[in-house]
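Number of protein chains: 2
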Amino acid sequence: MSKPLILVTNDDGIESKGIRSLIEVAQKFGEVVVVAPDSPQSGQGHAITLTSPIRILERNIFKDIKAYECTGTPVDSVKLAKNILLKDRTIDLCVSGINHGSNASLNIIYSGTMSAAMEASIEGINAIGFSLLDYSRDADFDASKIFAEKLITSMLDHKGAGGQLWNVNIPKLNKEQIKGIKFCKQGIGGWKEDFKISKDPRGDTYYWLAGAFEEKDNAIDTDLWALENGYVSVVPSHHDLTDYQAIKTFTYLNTL
Amino acid sequence: MSKPLILVTNDDGIESKGIRSLIEVAQKFGEVVVVAPDSPQSGQGHAITLTSPIRILERNIFKDIKAYECTGTPVDSVKLAKNILLKDRTIDLCVSGINHGSNASLNIIYSGTMSAAMEASIEGINAIGFSLLDYSRDADFDASKIFAEKLITSMLDHKGAGGQLWNVNIPKLNKEQIKGIKFCKQGIGGWKEDFKISKDPRGDTYYWLAGAFEEKDNAIDTDLWALENGYVSVVPSHHDLTDYQAIKTFTYLNTL
Numbered sequence: 001m002s003k004p005l006i007l008v009t010n011d012d013g014i015e016s017k018g019i020r021s022l023i024e025v026a027q028k029f030g031e032v033v034v035v036a037p038d039s040p041q042s043g044q045g046h047a048i049t050l051t052s053p054i055r056i057l058e059r060n061i062f063k064d065i066k067a068y069e070c071t072g073t074p075v076d077s078v079k080l081a082k083n084i085l086l087k088d089r090t091i092d093l094c095v096s097g098i099n100h101g102s103n104a105s106l107n108i109i110y111s112g113t114m115s116a117a118m119e120a121s122i123e124g125i126n127a128i129g130f131s132l133l134d135y136s137r138d139a140d141f142d143a144s145k146i147f148a149e150k151l152i153t154s155m156l157d158h159k160g161a162g163g164q165l166w167n168v169n170i171p172k173l174n175k176e177q178i179k180g181i182k183f184c185k186q187g188i189g190g191w192k193e194d195f196k197i198s199k200d201p202r203g204d205t206y207y208w209l210a211g212a213f214e215e216k217d218n219a220i221d222t223d224l225w226a227l228e229n230g231y232v233s234v235v236p237s238h239h240d241l242t243d244y245q246a247i248k249t250f251t252y253l254n255t256l
Numbered sequence: 001m002s003k004p005l006i007l008v009t010n011d012d013g014i015e016s017k018g019i020r021s022l023i024e025v026a027q028k029f030g031e032v033v034v035v036a037p038d039s040p041q042s043g044q045g046h047a048i049t050l051t052s053p054i055r056i057l058e059r060n061i062f063k064d065i066k067a068y069e070c071t072g073t074p075v076d077s078v079k080l081a082k083n084i085l086l087k088d089r090t091i092d093l094c095v096s097g098i099n100h101g102s103n104a105s106l107n108i109i110y111s112g113t114m115s116a117a118m119e120a121s122i123e124g125i126n127a128i129g130f131s132l133l134d135y136s137r138d139a140d141f142d143a144s145k146i147f148a149e150k151l152i153t154s155m156l157d158h159k160g161a162g163g164q165l166w167n168v169n170i171p172k173l174n175k176e177q178i179k180g181i182k183f184c185k186q187g188i189g190g191w192k193e194d195f196k197i198s199k200d201p202r203g204d205t206y207y208w209l210a211g212a213f214e215e216k217d218n219a220i221d222t223d224l225w226a227l228e229n230g231y232v233s234v235v236p237s238h239h240d241l242t243d244y245q246a247i248k249t250f251t252y253l254n255t256l
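Residue numbers (this note's numbering), protein chains in the order written: chain A, 1 to 256; chain B, 1 to 256.
Take these hints with a grain of salt, some might be off.
[Said to hold, decoys possible] In silico negatives: residues of chain B with every beta carbon more than 10 Å from chain A: (1) Arg59; (2) Lys66; (3) Ala67; (4) Asp76; (5) Ile91; (6) Leu173; (7) Asn218; (8) Glu228; (9) Pro236; (10) Tyr244; (11) Ala246.
[What the hints assert, rightly or not] Cut-off 30 Å, straight-line C-alpha distance, at most; resulting in silico cross-link-like pairs (DSS-like, lysine-lysine): (12) Lys199(B) with Lys87(A); (13) Lys145(B) with Lys248(A); (14) Lys28(A) with Lys145(A); (15) Lys172(A) with Lys196(A).
Bear in mind the hints are in silico, worked out from the structure with no lab data behind them. Quick reminder that beta carbons are idealized off the backbone N, C-alpha and C, glycines included.
When you get a sec, could you build the whole thing from the sequences and use the hints?
See the structure below:
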């Protein structure tokens, strides 16, 4: 592979600091094309736009890089890149992020960043989603960039089947404090919701989703453990949601 | 369990024929509460509403049933049910659907119906998503209702850990033609996109997602095989997306 073609996307929108950091890293490896939402899309999960049209606008905001914003979701962005903008080309890698905030543990399910990367992996493209455990708009991505470069190198070197998917989370530490990289499994946790209930100016009640993440299993082989102990966590992930153990449990019901 | 509390939701919206059919079945088992989106939400995946408020409206459209429509996504509906509307109660089962159209194979990833059921399972609630392989608004749910009743009976009888999640798809056949139920794994398939490209009245280009589903693995142990061969498919599913095999493949990178 002389000069790989790398698709960069995210869910925080094309103007975010995180995507700019990821582009800077990806540029070192080959040709970069950016296709990302025109506005923040956190929590969009694997949503796709079916009932309305999508628009694409070319943006000249990254030096020497073809970049497009789209009005759709993160997954729409990848679909448009693959089927329209890069239709006749081979995408060697898709990188998504760097997300402002954790996508460790259960968050992969809700994450537009990871869903975009998963959509690429469904298409047989190796894909990595990067997230920094810092929600601030002005987060410091310096250490993240170092580990993104290491992991992109490794993924481009990988000779196995395409469609690998890595969920990479980076602790909010400086590069001297980060102890290394741990390949691990998805830890168990969930959101304890605490809807804010209030009234709008017309006196009608509304509910606004809020909550705190609670860890339920942060054993040593999980991403939650890795992050708490100063490691970058990498959870190899896939889109086969089958619970194979449960098939055995319930096979007796085939006689229904 | 004397009179179970059953939460009914969907992604086609509270006015759809499919949810009405599912309510009719669920009513046979206990107390039913409906919380569903106020409009069709197909393809919303696991999207949640973070940047705007959500509203709830009580609807008296089902006889003797408490029902609420919400302005959010299918997953929002389950979160509102669990944390606001049924806050102090134990939900014994969540059923989602009956979806107008297949959620077999990869479609679980994009499906609001299945994401709503998954959200319940994340909360430890047993959950079943039902889908009929018929997209029409006036689909015939008579056979679906028979199998929904069998499967709800089995899930309510299940004494194991909570949070079981079944992705149930029903072939478009009448009840005499359906051969039975098969517990199976998620078959491999994907959407071959074919965006419709056109111009709006102002002359600006737009893209509209379209495509056809292509099967890639419909071996005998998959849902795709079961459906093609006249069975109702049940894929026990979960939200652990870890690719355990790939952890072994990449552990050598822990030294990076």
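Cross-check of the supplied hints:
no.: 1; hint: Arg59; in the structure: holds (16 Å)
no.: 2; hint: Lys66; in the structure: holds (17 Å)
no.: 3; hint: Ala67; in the structure: holds (17 Å)
no.: 4; hint: Asp76; in the structure: violated (7 Å)
no.: 5; hint: Ile91; in the structure: holds (14 Å)
no.: 6; hint: Leu173; in the structure: holds (16 Å)
no.: 7; hint: Asn218; in the structure: holds (14 Å)
no.: 8; hint: Glu228; in the structure: holds (17 Å)
no.: 9; hint: Pro236; in the structure: violated (3 Å)
no.: 10; hint: Tyr244; in the structure: violated (7 Å)
no.: 11; hint: Ala246; in the structure: violated (3 Å)
no.: 12; hint: Lys199(B) with Lys87(A); in the structure: holds (20 Å)
no.: 13; hint: Lys145(B) with Lys248(A); in the structure: holds (25 Å)
no.: 14; hint: Lys28(A) with Lys145(A); in the structure: holds (11 Å)
no.: 15; hint: Lys172(A) with Lys196(A); in the structure: holds (28 Å)
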